[in-house]
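4 protein chains.
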Amino acid sequence: MIRIAVLGVGRIGRMHAENIAAHPRATLAGVYDVIDAAAADVSARLSVPAFGSVEEVLASPEVDAILIATSTPTHADLIEKAVAAGKPMLCEKPIDLSLARVDACARRIAGTAVPIMLGFVRRFDPSHRAVRDAVRAGRIGDLHQVVITSRDPGLAPEGYLKVSGGIFRDMTIHDFDMARFVLGEEVVAVQATGSRLVDPAMMERLGDYDTVSITLTTASGKQAVITNSRQSVYGYDQRVEALGTLGMAQSENIRAHHMVLSTQAQTGEGAPLQNFFIDRYREAFAAEIGAFVDAVETGTAPEVGFEDGRQALVLAEAALRSAQVGRTVQVSEAARQSEPA
Amino acid sequence: MIRIAVLGVGRIGRMHAENIAAHPRATLAGVYDVIDAAAADVSARLSVPAFGSVEEVLASPEVDAILIATSTPTHADLIEKAVAAGKPMLCEKPIDLSLARVDACARRIAGTAVPIMLGFVRRFDPSHRAVRDAVRAGRIGDLHQVVITSRDPGLAPEGYLKVSGGIFRDMTIHDFDMARFVLGEEVVAVQATGSRLVDPAMMERLGDYDTVSITLTTASGKQAVITNSRQSVYGYDQRVEALGTLGMAQSENIRAHHMVLSTQAQTGEGAPLQNFFIDRYREAFAAEIGAFVDAVETGTAPEVGFEDGRQALVLAEAALRSAQVGRTVQVSEAARQSEPA
Amino acid sequence: MIRIAVLGVGRIGRMHAENIAAHPRATLAGVYDVIDAAAADVSARLSVPAFGSVEEVLASPEVDAILIATSTPTHADLIEKAVAAGKPMLCEKPIDLSLARVDACARRIAGTAVPIMLGFVRRFDPSHRAVRDAVRAGRIGDLHQVVITSRDPGLAPEGYLKVSGGIFRDMTIHDFDMARFVLGEEVVAVQATGSRLVDPAMMERLGDYDTVSITLTTASGKQAVITNSRQSVYGYDQRVEALGTLGMAQSENIRAHHMVLSTQAQTGEGAPLQNFFIDRYREAFAAEIGAFVDAVETGTAPEVGFEDGRQALVLAEAALRSAQVGRTVQVSEAARQSEPA
Amino acid sequence: MIRIAVLGVGRIGRMHAENIAAHPRATLAGVYDVIDAAAADVSARLSVPAFGSVEEVLASPEVDAILIATSTPTHADLIEKAVAAGKPMLCEKPIDLSLARVDACARRIAGTAVPIMLGFVRRFDPSHRAVRDAVRAGRIGDLHQVVITSRDPGLAPEGYLKVSGGIFRDMTIHDFDMARFVLGEEVVAVQATGSRLVDPAMMERLGDYDTVSITLTTASGKQAVITNSRQSVYGYDQRVEALGTLGMAQSENIRAHHMVLSTQAQTGEGAPLQNFFIDRYREAFAAEIGAFVDAVETGTAPEVGFEDGRQALVLAEAALRSAQVGRTVQVSEAARQSEPA
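Protein chains in written order, with UniProt numbering: chain A, 1 to 341; chain B, 1 to 341; chain C, 1 to 341; chain D, 1 to 341.
Isolated chain A (complex conformation):
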C-alpha cells in the first residue's frame, strides 16, 4: 500500500483525497492545507491525520508520496522540496505560469531519480487514450492531423482568470499536452488566433482572449488544430480526433446517461453532456491515481512528467506570442525566451 498525503484540499485536492482512499493499493496518509479549517474538515470526513505544515508531511516516515493540489504559485517550490525530501509526487498542472521559474526549477532538480508526475488528467480518459492507442497501434496508419475541440461550459470568475496566466497557459495547456500525447512527436511551430467574444469587456480588462484557435506543426509536418472557447452552454465539450493514412479515430463527448427523448418538437435529444470537469473526467482522475501508484511502486518514471509540463508551457508561450504578433512562432524561439542571459 502506497501512503499518499495530499497538499491542498480545495475542490480538486478533496477529490484526489477520496480517489486515493478508494484505490485498492493506496491509502490516504493525511492532508495539509494552508487553511487549517479546510484540512480539519477533510481530516474528519475521511478519518485521516491533518498535518500542521508541509515540512511535517515531507519529514513523515508514514508518507510514501505526495499529491500537490495547492495554488499554482506554490507548485515549483513544493516540487523542489519534495525532490529534496525524496518523496515521489503527483503535481497538478501547471508547474508555474513563468517559464523562467519552470526552467529554474528544472535546473535545481536536474538529475533527480524521484518520480515526478504532472497532473495532465485527460491523458487518462478512456476515450482520449483509446484515440492515442489507436494511433500508436497503427490502426489509422501514419498520423496526419489531430483536431482537438475543448470548450468550457462557462466563463470562470474574473478573480480567477486574473491570476490564471491567460487562456493559453490556463486552459489550452491541457490541449497542448493532449496534442503532444496524440502526435507522439514534438511541435516545432505554432500559429494562434485570439478573439474576445464571450465577454469582450472583461477580456479587454484582463488583456486576455476567450476564444482561440491554434495550429501546431511538428518537424515532419503533422498538424494539430485546437479550438477553444471559454463558453459552450450545451456542456463541457471535449473531443479529440486523429486522421491518418488508414483512417480516423474520434473520442466523443460523454453524456450523463444514455436516455434519448423524441417528441414532435425535438427528435432524438440526447442527455446533457457531462458538464463539470470532475464528472467528465471522473474515470480519468481515478486512473491517474492508479498510474501514480504504479510509478511509485515500481520506482519508474511516470508516463507524464516534468518535461511534459514544461513543453506544454512552452507551447502556451509560443501561442500567446503568435496571437499577439500575427505570425507563426517557432517553438525553439519560445523556449529560448526563458534562458538566462
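These aren't lab readings, by the way, just hints derived from the structure by calculation.
Where a beta carbon is used, it is the ideal one built from N, C-alpha and C, also for glycine.
Please note: incorrect hints may appear among the correct ones.
As the list claims (entries may be wrong) - Partial selection, computed: residues in chain D whose CB lies under 8 Å from chain C:
1) Pro-61
2) Val-63
3) Gly-247
4) Ala-249
5) His-258
6) Met-259
Fit chains B, C and D to the supplied structure of chain A, relying on the hints for placement.
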C-alpha cells in the same frame, strides 16, 4: 453510518461488499459465507470481521442491516429470519423459484415494518430510470407501449441453468420488473413464445428455452414487449423504450468508452458494449446501495420491495405457462396457482 | 425502354408515374383513372396520353406493362385482366382484403407466366435491404430473432380506416412481409395482442385496434416481433433489427437532414424523422420501379410476387384471430379459412 | 419552363444536364462540348440538340439560360460572353485561377443585370444549409466559431492537380465559401499551415500541399477553422460546425444507408460514408439547379454570385501566402495583389 453485513460473498456479494465500503453513509459491518475460506478472504481484503454464522450476524448489535447474496434457495428463509431479528435487508432476486414458497414467506412476514428491499438493480440504472422518469413526468404523454430488449452475452453453464428455474424465472424476471417499473400499472395478461436456438440440445435436456418473446398487457391495454436471448455475441444488450402520446423515450446501450474508429473497411465502429453485468450496471449497483441506505436511515419502505419480487415471479409463471400451452394467460390465473387448497 | 401505363393516379399513382418517367430504362406510356379529371391533370403535367378505359390500356400495343394503383377492391380484377391481356404488372398491396377473393384470383391466374409484382416497397429500402442482405450473406450467422418497429406518424381519418380492413390487413401487412423477407422461411404460428389507446372511441366504433404487438414463429423456432402504433408523434418510425449467432444488424430511422443542434435545453437534437411515407421511402419507391423494369425486361419472376401478397394476408388473418381469441394461431389454420368447402 | 443549355458535358456537365432534365420547371435546351463526340453522346442519350459552337448557343432564341461546366480557363471568357448575350448563367467554380483575370472580368461585366450564379454547391446541401439557417435564425445565439472538416477520399491524379491551381484554390475554395456562408460577415485575416504528408514526393514536384489547416478571422473576431486533407480513406468527410452563445449546430456526414452491424469484432459499425462528391451532394446539386431556375424566373440576383466566387479566391490567395511566409495575411493585402498598378 449504517452498518451493513453481507451474507454470501460470491461474485455478487463481494461487489456489494465493496460498494457498501465505498458508500459515504454506510460501513461494511462484516461478511458471512457458508464457505469459511470465502468469508475469510473478503474479510482480510476489506479489513472487516468474518462472522461464524447467520445467527451471529442477526444477533450482532454492530449490524444495522443485512444484504442477502447467498444462493437462491436460502433467500426466503433468510428473509424470514431477518424480519424476526428486526434487521432491514436488501435481498438479491429472486425471493424463491417457487411461488408457493414465496407466498408462504409472505404470510409469515405479513404486517412487518422491517424494510425489505429486493435487488432489482436495473431500476437504478441512470438511463433506464431516465426513461421511467420521463414517463412519470408526462414527457411522453400517456404511455402506450414499452419495448425491452435484454440479451445476455453468452449462455451460462448447464450446471447453473439446471438450477436457475428456467429463462423466465432467471433472466426475464429482471425484464418483468422493468416492465412493471416503466408501465406503472399491473399486468393482467401474458403471451409468450419460447424457442431453442442457441443450444437446442442443452435446452432439450433442460426442458428450457434460450430465445423468448413476451407481450404483457395491463388492464388499460398498455403493452410491454420483451425480447430475450441467452446469447448476443456483440455484448450485453440492454435497452428500454417507451412510446406515448407525446413521444418516445429510449435507454440505449452503454459502451466501454466513446472512441469511434473509421477506416476503409469499417466506418464509424463504436467501442464494444459493456459486456459483463457488473460493468454494465456498475453505477446501478452503487445507486442501489444508496437507495437501501436511504430506506434504512429513514425507516421507510424501499422503492422496490417484497411484493415486486412476488409479482415478477407471477409474471414468470404466467409466461412459462403461455409458452407451453400456446395461449394468453391471465395473471390472476397464474397467481392463483400458489394458493393453498 | 419499357413502356408502362399507370392505372389510378391518386397520390401514390402520381408518384409512381413520376418515378417511371424518371427511370432511364422506362417511359410512362400513359395514365388512366376512374376520375377523368385526375387522369387529365397528370396527363397534362407529364405530357403523356390519358387512356379512356382499362380495356384501352390493356389492348394498347404501346403499353408493355402496367402499374396498378387503383383502389383496393379493384386489384384482384385488374390482376386477372392484365394476366389475360399478357401485360406484366406491378400491383400495389394488398391483392384484396378477403383471403377468399385472393384465393379465387390465384386459381384463375394459376400457371400464368406473366410477371406479377406486388408493391411491398419496404423491401427496396436500402437500409432494410441491407439488413436482409447481411442475414443472407451470413454476416450475423444463423438468424434467431427479428424485431420490427413500425409506427405511423398519425391516425388516418375514420373514413379511410373503415374500409382499410383493419390494422393487421392495412398496416401490419407491410411488417408481415418484412418479417418474411428477413426471416427467409415461412411463419407457422402467430400470437397477437391488440389495444385501443390512440383513439379508443373510434376504435370501438370500427371494431379495430390502434396499438398491436405480434410474435411470429417459424418451423425452426425463429421469432419475429412486430410492434405497431397508429400514432408516433415524433415521426414515421420504421426500424428493422435482426439478431443471429454472430451479431446483430439494425436498420435505423431516416432523418430529413443531418444537422444536430445542441443548446443548454436540448443536447444533441437530431433533425426530424422523415414523416411522410413518400419521403421516407423515396429511394425505395424508385428502386421498386427499377426492379419491375428488370423483371419485365428479362421476363423473370419479380422478387416479390402474388404469393408474397397472399402470405402476408394469411398472417394478417391469423394475427386478427389470435388477438380476438387470445391464443396462438397456427398459420395452416388461418390459410384453411379461405379454402372452398 | 426555363430552357437551359449546358456548356461542357464532362462528368459534372452530364450530371447537371440530367438534373435540368428532371427539374419540373426547367428543360434541357441542348448541350455543347469542345469534343463533338461527348456532346453527341449526351445529345443522343437525353434526346436534346447538340450545338455546334458557343456562339450558336448564345444566339439561340430557344435558350433562356446557360450552365457553364467547361474547363476552368474558359470560365471568365464564357461569363463575359454570356453577359454580352444577356443569358443568365450558372458557372462552375472557380471563375479563374488568377485573381487578376477575375478582376478584369469583374470590370468588364460591371453593372450588368444578367443573373450570374456561381456553383458553390455545398451551400445547397440540406445539412450544411440547416447549420447556416440555425445561425441566421439565432438558434445558437451570436456566432463565435465555425469549424469545417473537408477531406477528399483520395488524391486526384498528378495531371489534374498540376492545373488545379493548388489545394487552396482547388479544394479549400469550397470551404472558404462555406465559411463565408455560415459566418455571414467578411473575413479580414487568414492564417494557414500547409504540409506534404499524403504524397510528399508529388507535392514537392507540384510545389503544393496535401494537408492544410486554416484559421479565418472576421473584423468582429469570429473565427472559422478549416482542416483539409487530400486523402481520407474512410470516405468523403464533409462536416460543418458552428458554435455560438446559445449552442452549437453541426452538420454530420452522410452514409450510403442506415444499417448498423454489431458483431463480436466490431460493435455498431455504420454504413460507409458517401464517397463520391456526386453521390454525397446529390440533393445539393439538384437544389442548386432549383435555385438557379428561381433566379432566372424571377430575374433576381442568385443567392451566390460572382463576388462570392471572387472572395473565395481572395481567401485562397491569402491562405497560400500565409502558408508560404508564415504569418497572418490581411485580406485587404491579398485583394490588392490583383489591382492594376
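Tested hints:
1. Pro-61: Violated - the Cβ of D:Pro-61 stays beyond 8 Å from chain C, reaching only about 22 Å at its closest.
2. Val-63: 20 Å, violated
3. Gly-247: 3 Å, holds
4. Ala-249: Holds, because the Cβ-Cβ distance from D:Ala-249 to chain C comes to roughly 5 Å (cut-off 8 Å).
5. His-258: Hint holds; D:His-258 Cβ to chain C Cβ min 4 Å, cut 8 Å.
6. Met-259: 4 Å, holds
This entry does not satisfy hints 1 and 2, going by the numbered hints stated previously.
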